[in-house]
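Go by the hints and put chain B onto chain A.
Single-letter residue listing:
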Amino acid sequence: MRLDIFLPFLRKPKKGTPPPIELPIYRAAKAVLPQPLFADRATARPGLFRKWLKRLGPSWLSAPVRRISQTACFLLFLWLLFYVCYPYHARPAREWRSFSPVAIDASGLVTVDCPTTSAADDELRGGVVHVSDESAADEAGRYVGPFEIVSFGREQLLLKPTADVPPERIEELHFALGGPWTLSEQPPGAWPSHYADSLARKEFIHAESLLIIDPLVAISTAIAARTWVWSLAFAGGILLAAVFVPRGFCGYICPLGSLIDLFDWAIGRRVTRFRVADDGWWVHIKYYLLTAVLLCSMMGVLVSGYVAAIPVITRGFVFLADPFQVAAARGWHNVPPLNAGHFVSIALFFAVLGLGFLKPRFWCKYVCPSGAVFSVGNLLRATERKVESSCIHCNKCVEICPFDAIKPDFTTRGTDCTFCQTCGGVCPVHAIKFVERWNRVELKVENDPPTHETRLGRRGFVSLLAGSAAAVVGAAGMSAATRTFGARLGDAARPLPIRPPGSVPEREFLELCIRCGECFKACPNNVLQPLGFQQGLEGLWTPAVHADWAGCESSCNACTQVCPTGAIRAIPLEEKKVARIGLAIVDQATCLPHAGREACQLCVDECNAAGYRAIEFIRVGTEVDELGLPIEGSGFVAPLVRDDLCVGCGLCQTRCYGINVAEKGLLNRSAIVVEAGEGKEDRLMSGSYLALREAEKKAREKASESSGAADSDYLPDFLK
Amino acid sequence: MNRWTTHLCWLIAALLSAVAAGRLSAAEIEFLSGKKVQGTVLSKDETSVKVQTDVGGKSVTLTYPLKTIHSVTINGKRHVINERTEEGGGKATVARGKNAASAGPDGAPRTPAEIQALIAQAGRQPPEWFKDTPLNFPKTLDLSWPDSKPGAWDNQKNVGQWIWDIVNPNPNRWRDGVRLMHHLLTVHKDNVENRNHVMAELGRMYFELLEDYPRAAFWYQQAGIGKGSEFERTKNGAHLAECYWRLGSRSMAVDLLKRMPVTYEAIKLWGDLGETKKCVELATQQIPHARFPSNCYLMIGDAYRIAGDYPKAAAAYQKALKEAEKPEHVREEKLRIRAQAALEALKLSEGIDLAKIEDGTYTGSSLGYEGQLRVEVRVDDHRITSVRVTQHKEKQFYSSLEDTPRKIIARQGIRGVDGTSGATITSEAIINATAKALVGRQ
Chain A
786 MRLDIFLPFL
796 RKPKKGTPPP
806 IELPIYRAAK
816 AVLPQPLFAD
826 RATARPGLFR
836 KWLKRLGPSW
846 LSAPVRRISQ
856 TACFLLFLWL
866 LFYVCYPYHA
876 RPAREWRSFS
886 PVAIDASGLV
896 TVDCPTTSAA
906 DDELRGGVVH
916 VSDESAADEA
926 GRYVGPFEIV
936 SFGREQLLLK
946 PTADVPPERI
956 EELHFALGGP
966 WTLSEQPPGA
976 WPSHYADSLA
986 RKEFIHAESL
996 LIIDPLVAIS
1006 TAIAARTWVW
1016 SLAFAGGILL
1026 AAVFVPRGFC
1036 GYICPLGSLI
1046 DLFDWAIGRR
1056 VTRFRVADDG
1066 WWVHIKYYLL
1076 TAVLLCSMMG
1086 VLVSGYVAAI
1096 PVITRGFVFL
1106 ADPFQVAAAR
1116 GWHNVPPLNA
1126 GHFVSIALFF
1136 AVLGLGFLKP
1146 RFWCKYVCPS
1156 GAVFSVGNLL
1166 RATERKVESS
1176 CIHCNKCVEI
1186 CPFDAIKPDF
1196 TTRGTDCTFC
1206 QTCGGVCPVH
1216 AIKFVERWNR
1226 VELKVENDPP
1236 THETRLGRRG
1246 FVSLLAGSAA
1256 AVVGAAGMSA
1266 ATRTFGARLG
1276 DAARPLPIRP
1286 PGSVPEREFL
1296 ELCIRCGECF
1306 KACPNNVLQP
1316 LGFQQGLEGL
1326 WTPAVHADWA
1336 GCESSCNACT
1346 QVCPTGAIRA
1356 IPLEEKKVAR
1366 IGLAIVDQAT
1376 CLPHAGREAC
1386 QLCVDECNAA
1396 GYRAIEFIRV
1406 GTEVDELGLP
1416 IEGSGFVAPL
1426 VRDDLCVGCG
1436 LCQTRCYGIN
1446 VAEKGLLNRS
1456 AIVVEAGEGK
1466 EDRLMSGSYL
1476 ALREAEKKAR
1486 EKASESSGAA
1496 DSDYLPDFLK
Chain B
2 MNRWTTHLCW
12 LIAALLSAVA
22 AGRLSAAEIE
32 FLSGKKVQGT
42 VLSKDETSVK
52 VQTDVGGKSV
62 TLTYPLKTIH
72 SVTINGKRHV
82 INERTEEGGG
92 KATVARGKNA
102 ASAGPDGAPR
112 TPAEIQALIA
122 QAGRQPPEWF
132 KDTPLNFPKT
142 LDLSWPDSKP
152 GAWDNQKNVG
162 QWIWDIVNPN
172 PNRWRDGVRL
182 MHHLLTVHKD
192 NVENRNHVMA
202 ELGRMYFELL
212 EDYPRAAFWY
222 QQAGIGKGSE
232 FERTKNGAHL
242 AECYWRLGSR
252 SMAVDLLKRM
262 PVTYEAIKLW
272 GDLGETKKCV
282 ELATQQIPHA
292 RFPSNCYLMI
302 GDAYRIAGDY
312 PKAAAAYQKA
322 LKEAEKPEHV
332 REEKLRIRAQ
342 AALEALKLSE
352 GIDLAKIEDG
362 TYTGSSLGYE
372 GQLRVEVRVD
382 DHRITSVRVT
392 QHKEKQFYSS
402 LEDTPRKIIA
412 RQGIRGVDGT
422 SGATITSEAI
432 INATAKALVG
442 RQ
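Line by line, the protein sequences give chains A and B.
Per this note's numbering, residue 786 is the first one in the first sequence, and the count goes up by one each step.
Per this note's numbering, residue 2 is the first one in the second sequence, and the count goes up by one each step.
Just chain A, with the same shape it has in the complex (with noise of 0.2 Å):
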């Protein structure tokens, strides 16, 4: 069984010796293609194909597949961060006023005139709408239904009413058409949902499709919490697959290695000063960093979003990236400001690519842990590079390979061997095949040139003792620095972070969290924000609500679904919106009708335009007459929350800050402030925040029947 998707180096072959195997695919593409792009084998001519390859380098002309795989997949990566994880696409369901109904016929059919100069007439083209009367009486009568728009133009509407309007309403309407009409996209009062309908939309491919096949997220997360975390599965899946494609992901998908390969090609190969030779200390730092980091994970600290790749390269592109692509969008005032935890994090990215100075792909060859992972993975791999005895030892496929996985005697390092197939397409004597791992056709001689290596790698017993010890230290070191200046969550007078909506609780959410940077980018307005030092190093990288600066959206649940680890539960809409995450303290002192300075309701106004109406109004500073009676109009009305209703949305304290402090400088904090805490938030690792409200509403229900006084009637004894 040949696996070869190379691309065969092109020479006239000897006489005698058989032709390269030409696989189905190819002998397909040569019947239907014109006949130029194709080599001539017989004389070695190259056609337009490899003439195209060569121009983009010899790595593209010799394995064009996994190339092209890689291009996809670091596509396929830019699109989910930037287009999907976008939030601005959204917009709010939308509505047109001032239409008058001006008949109605049997049929129940409404003829219906446009606003004079309305950009209605752009927008309404069919479809169902919902009709608002804009003259009823009251809230209850304005509803009319759903009608379908029959025929539309620029100065009338033909409206049929749906099955859903009922009959007695269109009789109503026989007898009095109202108007002016509102039509609107969804039902009056309806919770908007656009932002949750945006990226739903978008999402047909999971936005963090790339992260939940990392293997070393996946276990790691499910070791440091452990619970199940479903990205398992998936990881699962990428192992089984690399049981065929030995460590495929990092050869053919891993958007890091694309990047690094970018990287150096562009800048890394520039410069050489600071080349290291092809051995070295270094070249088994992936398998003791992944020790140390799953030592970590067992005593419960997660360290492996620092360095696991598919984190790495998402938090690098988020911290470096969004802010521009936001403030070309939207203006650089949209852009929240870096904290030394961004800072930390760029380095560490930069770093990484750094690392190419040293050797091309240096990161994926001996350092990555997910590589690691992998490598250990190819342990029990079934398919594997095999060498025949045709070699000539050129050395053209060990100067080529990407991953340093051919030994000085041209064999496959097996744990290192992506199967990328790019040792295959530059071999002149075709002697490298890749095949089933236990078969032994025509195959080299090992260990000539000798290699010196021994069975336990290339460095042997004592670099392991002391690599091991490293790991064990440091993983030892990393962990209990991690818990001492950590989050300290039993400290009561720790403040505690804000997460997300639908966040597990904080000791699991802390193990769970991977710190990748997907929720930060998906967030409208930027209302979760990396934290840096402020929870100590535990907290580092993880989102925490930042109300100063932007509400949470109440039409968003755009985190919960881009969670890859489900720190952030994958909650719907109906589930977030009650879902509390802190809770608005209004600062008696400083807020301004609290404090009797000037009149100010934005607090109440923003919670009830949100559609939370939690901040109800009570009167303070009444002053009384002579009397005893109080003064019309004294004192001022303040906000004053109510604990039942809250979901800690910070809408409120962005309002607050955003006027009182930064525009009129009344203030210098927002007077009402969210907080997180015990009996302020809900951290549930399973089950339904809904449920939860209604227990505690059955609950309160029965408290406040026993609040003693017996059900009057509406008329006393002594009129009836």
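Errors might be hidden in some of the hints.
[Said to hold, decoys possible] In silico BS3-like pairs for lysine-lysine, Cα to Cα no more than 27 Å straight-line: (1) K132/B / K1482/A; (2) K1505/A / K132/B; (3) K1171/A / K1144/A; (4) K1449/A / K327/B; (5) K158/B / K1482/A; (6) K348/B / K279/B; (7) K437/B / K1449/A; (8) K279/B / K320/B; (9) K1487/A / K132/B; (10) K140/B / K190/B; (11) K323/B / K278/B; (12) K158/B / K1483/A; (13) K437/B / K394/B; (14) K140/B / K1465/A; (15) K158/B / K1487/A; (16) K1181/A / K799/A; (17) K800/A / K836/A; (18) K1483/A / K140/B; (19) K797/A / K836/A; (20) K1449/A / K323/B; (21) K1505/A / K190/B; (22) K348/B / K437/B; (23) K1487/A / K140/B; (24) K1449/A / K394/B; (25) K140/B / K1482/A; (26) K1181/A / K1192/A; (27) K132/B / K1483/A; (28) K1505/A / K228/B.
[To be verified] Beta-carbon label-pair distances, calculated as ranges: (29) F32/B / R954/A: 25 to 33 Å; (30) S34/B / P931/A: 36 to 44 Å; (31) P312/B / D982/A: 46 to 54 Å; (32) E1411/A / E29/B: 53 to 61 Å; (33) A291/B / V1409/A: 12 to 20 Å; (34) P931/A / T134/B: 29 to 37 Å; (35) L894/A / K228/B: 53 to 61 Å.
Quick caveat, the hints were computed from the structure, so don't treat them as lab data.
Predicted, not measured: the structure shown is a model, and the values here were computed from it.
Every residue gets a Cβ at the ideal spot worked out from N, C-alpha and C, and that includes glycine.
Here is chain B on its own, set in the frame of chain A:
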């Protein structure tokens, strides 16, 4: 086409379509004589209507001439065929409430006798939300109010202060408050003075909070308002008069108001009734000893605005603003804001007169969601040719930055430009900024 024929056409259309749809609704027909009949409308023509009704257990078909019918009620909606003649109209020009049941379903005038009958009938029936609203109030409230001792202000103990501080400002609590007040009526049913106090407060709550004018009038009457009760000395007298006016009799309102003490609400009602001279006279008398003279000027301005005399209204609002800016009132920012808003509303309601604006570029700014928003408006040849947002700090603006200016240009003004949904504050800021840029130039 006169009104009679229009109603006729609607009725014909409705009945024909109802017949065509094969569904005839139960209708209630009220005659000019006051008689009422319930039945199913079978058919109709230009002069009469055929109704199937139950008489003595038997189903009969009767024909009535249309000119004897006052109104037809189908599915709770009442449609007047023939108006009853009555002195004066009762239409409220000042939109204070949106409850149609209170202003009369058709705004038609009623005789005093009719109004009293309506009050007696509606007042005795609980509102439909009553049975679904459980008693809900803090356990700390002292239900001996209005007997409770005054003491320090404690809105968790004193019922009146609870109503004032917590119930009044929050619409979602109004029904709970009214329910509590009904409960107190039962608690104090044997003490005449207390129960009158409670009934007066009930009347106020139905009037001010729920805008349920028949019930407000009922409870006010039960408390003795209009018959020399002590509770007339506050605004309750004026409120009862307003109830009569809204229910359809201006004469009843005027008769009562003449006998009520002069309060702020009474003066305002004179203005709303259209008695501009009387309102201005009374308000001017209040100015020397009013706590906030600015309020008096605002009332005068409102009265002139209702009367359509815009220059005098503007002058009164200007005086209100000057009063509010005086040092002794500068802490009462609400006064200044109200005066300014009244002036701006007056200016904006007159619209922008492009014919008076010279060619040029004008800027205006207004408070957006996150901060000041600046707009640049270009006028050429007395047309708005461009509206651009030049500076803003908005974060969540969707398409309003292009949308709203486009609408303003399309309408050549700000009248009727509606906001971009989801970005209302930003759209309004753009509209206000544009208005400021242009209005000042006239």
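Each hint tested on the structure:
1. Distance hint between K132/B and K1482/A is fulfilled; the C-alpha atoms sit about 20 Å from each other, no more than 27 Å.
2. This hinted pair checks out: K1505/A and K132/B have alpha carbons roughly 18 Å apart, not beyond 27 Å.
3. In summary, the hint linking K1171/A to K1144/A is supported, as the alpha carbons are separated by about 25 Å, within the 27 Å threshold.
4. Between K1449/A and K327/B the alpha-carbon distance is near 22 Å, which keeps this suggested pair within the 27 Å criterion.
5. With a C-alpha separation of about 25 Å, the suggested pair K158/B and K1482/A falls inside the 27 Å cut-off, and the hint holds.
6. Proposed proximity of K348/B and K279/B is supported: the alpha carbons are some 26 Å apart, at most 27 Å.
7. Among the hinted pairs, K437/B with K1449/A is consistent with the structure: their alpha-carbon atoms are about 20 Å apart, no more than 27 Å.
8. For the hint pairing K279/B with K320/B, the CA-to-CA distance comes to about 19 Å; that is within 27 Å, so the pair holds.
9. The suggested pairing of K1487/A with K132/B holds, with an alpha-carbon distance near 19 Å, which does not exceed 27 Å.
10. With a C-alpha separation of about 21 Å, the suggested pair K140/B and K190/B falls inside the 27 Å cut-off, and the hint holds.
11. Between K323/B and K278/B the CA atoms are separated by roughly 23 Å; this keeps the pair inside 27 Å, and the hint holds.
12. For the proposed pair K158/B and K1483/A, the alpha carbon gap of about 26 Å is at most 27 Å, so the pair holds.
13. Distance check on the hinted pair: K437/B and K394/B sit about 19 Å apart at the alpha-carbon level, within 27 Å; holds.
14. Distance restraint check for K140/B and K1465/A: the Cα-Cα separation of roughly 24 Å lies within the 27 Å cut-off, and the hinted pair is therefore satisfied.
15. Of the supplied pair hints, the one linking K158/B and K1487/A holds, its CA atoms being roughly 22 Å apart against a limit of 27 Å.
16. Between the alpha carbons of K1181/A and K799/A the distance comes to roughly 20 Å, so the proposed pair stays at or under 27 Å and holds.
17. For the hint pairing K800/A with K836/A, the CA-to-CA distance comes to about 26 Å; that is within 27 Å, so the pair holds.
18. With a C-alpha separation of about 18 Å, the suggested pairing of K1483/A with K140/B holds against the 27 Å cut-off.
19. For the hint linking K797/A to K836/A, the alpha-carbon distance of about 17 Å falls within 27 Å, and the restraint holds.
20. Between K1449/A and K323/B, the direct Cα distance comes to roughly 24 Å. Compliance with the 27 Å bound is thereby established for this hinted pair.
21. Between K1505/A and K190/B, the direct Cα distance comes to roughly 12 Å. Compliance with the 27 Å bound is thereby established for this hinted pair.
22. For the hint pairing K348/B with K437/B, the CA-to-CA distance comes to about 10 Å; that is within 27 Å, so the pair holds.
23. Simply put, K1487/A and K140/B have alpha-carbon atoms about 14 Å apart, close enough for the 27 Å limit, and the pair holds.
24. The hinted pair formed by K1449/A and K394/B meets the criterion: a straight-line CA distance of about 14 Å does not exceed 27 Å.
25. For the proposed pair K140/B and K1482/A, the alpha carbon gap of about 18 Å is at most 27 Å, so the pair holds.
26. With a C-alpha separation of about 12 Å, the suggested pairing of K1181/A with K1192/A holds against the 27 Å cut-off.
27. Between K132/B and K1483/A the alpha-carbon distance is near 20 Å, which keeps this suggested pair within the 27 Å criterion.
28. At roughly 21 Å between alpha-carbon atoms, K1505/A and K228/B fall within 27 Å of each other, so this suggested pair holds.
29. Taking the beta carbon of each, F32/B and R954/A are about 27 Å apart, inside 25 to 33 Å as hinted.
30. One distance hint, 36 to 44 Å for the beta-carbon pair S34/B and P931/A, holds here, with the actual separation near 43 Å.
31. About 52 Å separates the C-beta atoms of P312/B and D982/A, a value consistent with the hinted range of 46 to 54 Å.
32. Roughly 54 Å separates the CB atoms of E1411/A and E29/B, a value that falls within the hinted 53 to 61 Å.
33. The hinted window of 12 to 20 Å between A291/B and V1409/A holds, with their beta carbons roughly 19 Å apart.
34. For the pair P931/A and T134/B, the supplied restraint of 29 to 37 Å holds, since their beta-carbon distance comes to about 31 Å.
35. The beta-carbon spacing between L894/A and K228/B, approximately 56 Å, falls within the hinted interval of 53 to 61 Å.
Of the hints listed earlier, there is not a single one the structure fails to meet.
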